[in-house]
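Sequences are here, hints too, so could you generate the full structure?
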Amino acid sequence: MVRVCRNREGHAFPQRDLIPLFPVFRFHFTVSMSQDAPEEPSDQSLQGAVFRPTSLEELLKVIELAFGYRGDMTLELKSRESINGYLFNRVLDGPRSYLEIFQPGHPGPRKIPCREIHAFHFTGQDTASGESWEAWVRKRQEERKNEGQNFSRS
Amino acid sequence: MAVPLSQMATVVGYVVSQKFKGVKRYPLVLMLEPLFRCNLACAGCGKIQYPEHVLDRRLTPEQCWAAAEECGAPIISIPGGEPLIHPEMPDIVQGLVQRKKYVYLCTNAILLERKIDEYAPSNYLTFSVHMDGLRDEHDLAVCRDGVYDVAMKAIKTALKRGFRVTTNTTLFNDANPQRVRAFFDEMMDLGVEGMMISPGYSYEKAPDQHGFLKRHRTQELFSSILAKRKRRWRFNQSPLFLEFLMGKRDYQCTPWGNPTYNIFGWQKPCYLLQDGYVSSFRELLESTAWEQYGVGRNEKCRDCMVHCGYEASAVEDTFSSWSGFAGTVKATLFPNVT
Numbered sequence: 001m002v003r004v005c006r007n008r009e010g011h012a013f014p015q016r017d018l019i020p021l022f023p024v025f026r027f028h029f030t031v032s033m034s035q036d037a038p039e040e041p042s043d044q045s046l047q048g049a050v051f052r053p054t055s056l057e058e059l060l061k062v063i064e065l066a067f068g069y070r071g072d073m074t075l076e077l078k079s080r081e082s083i084n085g086y087l088f089n090r091v092l093d094g095p096r097s098y099l100e101i102f103q104p105g106h107p108g109p110r111k112i113p114c115r116e117i118h119a120f121h122f123t124g125q126d127t128a129s130g131e132s133w134e135a136w137v138r139k140r141q142e143e144r145k146n147e148g149q150n151f152s153r154s
Numbered sequence: 001m002a003v004p005l006s007q008m009a010t011v012v013g014y015v016v017s018q019k020f021k022g023v024k025r026y027p028l029v030l031m032l033e034p035l036f037r038c039n040l041a042c043a044g045c046g047k048i049q050y051p052e053h054v055l056d057r058r059l060t061p062e063q064c065w066a067a068a069e070e071c072g073a074p075i076i077s078i079p080g081g082e083p084l085i086h087p088e089m090p091d092i093v094q095g096l097v098q099r100k101k102y103v104y105l106c107t108n109a110i111l112l113e114r115k116i117d118e119y120a121p122s123n124y125l126t127f128s129v130h131m132d133g134l135r136d137e138h139d140l141a142v143c144r145d146g147v148y149d150v151a152m153k154a155i156k157t158a159l160k161r162g163f164r165v166t167t168n169t170t171l172f173n174d175a176n177p178q179r180v181r182a183f184f185d186e187m188m189d190l191g192v193e194g195m196m197i198s199p200g201y202s203y204e205k206a207p208d209q210h211g212f213l214k215r216h217r218t219q220e221l222f223s224s225i226l227a228k229r230k231r232r233w234r235f236n237q238s239p240l241f242l243e244f245l246m247g248k249r250d251y252q253c254t255p256w257g258n259p260t261y262n263i264f265g266w267q268k269p270c271y272l273l274q275d276g277y278v279s280s281f282r283e284l285l286e287s288t289a290w291e292q293y294g295v296g297r298n299e300k301c302r303d304c305m306v307h308c309g310y311e312a313s314a315v316e317d318t319f320s321s322w323s324g325f326a327g328t329v330k331a332t333l334f335p336n337v338t
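Those sequence lines, one after another, are chains A and B.
The first sequence begins at 1 in my numbering and counts up by one.
The second sequence begins at 1 in my numbering and counts up by one.
These are calculated hints, taken from the structure and not from any lab test.
Some hints could be false.
What the hints assert, rightly or not - Which residues of chain A face chain B? A few of them, derived with a C-beta cut under 7 Å, are:
{"id": "1", "residue": "Y86"}
{"id": "2", "residue": "F88"}
{"id": "3", "residue": "N89"}
{"id": "4", "residue": "G124"}
{"id": "5", "residue": "A128"}
All of these numbers come straight from a predicted model, not from anything done at the bench.
Glycine included, C-beta positions come from ideal geometry on N, C-alpha and C.
Structure representation (structure tokens):
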């Protein structure tokens, strides 16, 4: 199934376009949402996306996306090992740059040198997506309306 | 008086000693987040959006005590998540109190009555109850009906048991000044020690992105709320910070004033922004590019006027010059004189 995503300009594009990857940044995904023209978080979710950076510049951009993502990632290493977990930190220091990830069931974080990463899979549910305040207000108004109708019937 | 004299003396002594030592950046309040799990999902909160295995992680009491000692701040605020969910929270609090830290245990109070026997009243412990306004406003803000009534009952119980209780209130752009003023009256009638107020911060991850206040609107709103302030309202905050909210004073942010420690480590640069983590407080102070944060320096800081960034600025102003000190005295004794 092809899921439709939207870029910041609101243009729809199929998710599968992300998979072959670069130049993926033509879509202008950013970590932060515009504060002046907020959009529904679900429209911008990276959930399901895969990035395989081919240059240092691309790698740095994907690291920022991954760092801002509120869901688990699967990192595919050049050694073919796959590491699943929540990426909570990145330390960018030239060739010694690394990411820190909390893996389910592991007490401490694991450090992964950036140079060893082949691909970033945004596999986990984006926990910052959906569950909007507007949905809660709609539900609340509906409940109040129903309460009023029940009261007038009784 | 909104704060006991002993606490005030401790804070004044601490700040003056830092000044004498020539310390340029000193912490005032440690924001200790022992867990991110919460029993509410408030619309304006960007703190709890994590996968389950991250929400299951908690700081140990030893980690909390070590952070408090390393940081050295005289006040420790414990937000979260909902701290009362943490099974070792009574131990954490007891250890901090033994270290003579003034602890503000922030809670939505849903679990307070059930857990209150696990805590002992102390001058060093305050329950800081999240109250975002009168019943309608609060229940709407926390996205659950009935929470206001639960919190009110819990506050009464805590006060009856001899605990120090304050409220903390986050205001969004739909706040009605008259309703907020009525809320202040209600809290004072309850007998809380003091109130803390702040505009909400535009968390990138919060579900409600439409409710956050812009800077100018913040100043208008707080000017309306705090104009002709009633004598009986007690605020657990610097009077200069309240003037800052009203637009009477202009401050730059002091992010190191309220450093944050949580399951990821010491958070760069502040309680609200997450720009990375380091493993020690010293590293936080030394490796953070502080000059890149604050109004006019960072887009994410543009509209922020939150107390965790500016309360320390106000305190610094008080102790940095005679005019700041005089301004504090005037704002304390004559808050309505312009």
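We went through each hint and held it up to the structure:
1. Y86: For Y86/A, the interface hint holds, since the closest Cβ of chain B sits about 5 Å away, which is under 7 Å.
2. F88: Cβ of F88/A sits 5 Å from chain B, so the hint holds.
3. N89: holds (5 Å)
4. G124: Nearest chain B Cβ about 6 Å off; hint holds.
5. A128: holds (4 Å)
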